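Please model the complete structure; the sequences and the hints are all you need to start from.
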Amino acid sequence: GQNIDQPTEMTATEGAIVQINCTYQTSGFNGLFWYQQHAGEAPTFLSYNVLDGLEEKGRFSSFLSRSKGYSYLLLKELQMKDSASYLCARSGYALNFGKGTSLLVTP
Amino acid sequence: EAQVTQNPRYLITVTGKKLTVTCSQNMNHEYMSWYRQDPGLGLRQIYYSMNVEVTDKGDVPEGYKVSRKEKRNFPLILESPSPNQTSLYFCATEKTGTGATGELFFGEGSRLTVL
Chain L
1 GQNIDQPTEM TATEGAIVQI NCTYQTSGFN GLFWYQQHAG EAPTFLSYNV LDGLEEKGRF
61 SSFLSRSKGY SYLLLKELQM KDSASYLCAR SGYALNFGKG TSLLVTP
Chain H
108 EAQVTQNPRY LITVTGKKLT VTCSQNMNHE YMSWYRQDPG LGLRQIYYSM NVEVTDKGDV
168 PEGYKVSRKE KRNFPLILES PSPNQTSLYF CATEKTGTGA TGELFFGEGS RLTVL
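Residue numbers (this note's numbering), protein chains in the order written: chain L, 1 to 107; chain H, 108 to 222.
Read the hints as simulated data drawn from the structure, not as lab findings. Mixed in with the good hints there might be a few duds.
Label-pair restraints from in silico Cβ distances [said to hold, decoys possible]:
{"hint": "1", "chain 1": "H", "residue 1": "148", "chain 2": "L", "residue 2": "44", "range": "19 to 25 Å"}
{"hint": "2", "chain 1": "H", "residue 1": "170", "chain 2": "L", "residue 2": "14", "range": "24 to 30 Å"}
{"hint": "3", "chain 1": "L", "residue 1": "55", "chain 2": "H", "residue 2": "134", "range": "33 to 39 Å"}
{"hint": "4", "chain 1": "L", "residue 1": "81", "chain 2": "H", "residue 2": "166", "range": "27 to 33 Å"}
{"hint": "5", "chain 1": "L", "residue 1": "14", "chain 2": "H", "residue 2": "208", "range": "29 to 35 Å"}
{"hint": "6", "chain 1": "H", "residue 1": "189", "chain 2": "L", "residue 2": "81", "range": "33 to 39 Å"}
{"hint": "7", "chain 1": "L", "residue 1": "70", "chain 2": "H", "residue 2": "207", "range": "21 to 27 Å"}
{"hint": "8", "chain 1": "L", "residue 1": "55", "chain 2": "H", "residue 2": "117", "range": "25 to 31 Å"}
Where chain H lies over chain L, by a calculated footprint (3+ residues, C-beta under 8 Å) [claimed, not checked]:
{"hint": "9", "segment": "36-49"}
{"hint": "10", "segment": "90-101"}
All values reported here derive from a predicted model rather than from experimental measurement. Just so it is clear, CB atoms sit at the ideal spot from N, CA and C, and this is done for glycine as well.
Below you can see the structure in the form of structure tokens.
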């Protein structure tokens, strides 16, 4: 719903930096969430962006451009435990999730 | 400890046998919702409830019912389950009003298989 697009899969090396992109429909947009979901577990909240710009929270940062309908999640100093699915969710008239990006961190 | 608790966590059942998945929260949140998660489709909202006695359809409500008789509980009812309802189900709550962040708090999930 709401044309939320994110890559299906990504692979990165331990210690590296990875950027997961998300594009969405801009009409009726309020804000953009990122959730992390490990296999077989519930999603857990990472970030919520309402205003343009970059918000940093430890190794994870999230960026938003409202005019472009674009967000990304930046993960630095990757660790093996970061292997998970990352869900982009658009808040507007309703909350709609993207299909998730499965990130594999390799040694 | 703040919790959203779902039961059962795992269930295998047969077509047509009514079942209920319970969801209980101790966070005093007014908003509760149900999602299903399927490979390649992501999380899709089934039903949500803004408050007691107030429920509304999400994106995929067909074949499901809910009730919200009290704030802490929001059961999901499958009156006549079918194999296409085989899925991973999540209950979620959200703080609304003053101090709201929009963050969803999810239960641990209920994996349902309908044969």
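Results for each hint:
1. H/148 to L/44: 19 to 25 Å: Check passed, 20 Å falls within 19 to 25 Å.
2. H/170 to L/14: 24 to 30 Å: Once the Cβ atoms are compared, 43 Å apart, the range 24 to 30 Å for residue 14 of chain L and residue 170 of chain H is violated.
3. L/55 to H/134: 33 to 39 Å: 25 Å Cβ-Cβ, so the 33 to 39 Å window is violated.
4. L/81 to H/166: 27 to 33 Å: Since residue 81 of chain L and residue 166 of chain H have Cβ atoms about 32 Å apart, the given range 27 to 33 Å holds.
5. L/14 to H/208: 29 to 35 Å: This hint holds: roughly 32 Å between Cβ atoms.
6. H/189 to L/81: 33 to 39 Å: holds, 38 Å
7. L/70 to H/207: 21 to 27 Å: holds, 25 Å
8. L/55 to H/117: 25 to 31 Å: violated, 37 Å
9. 36-49: With 7 residues in contact (Cβ-Cβ under 8 Å with chain H), the coverage given for the segment 36-49 of chain L holds.
10. 90-101: Result for this restraint: holds, n = 8.
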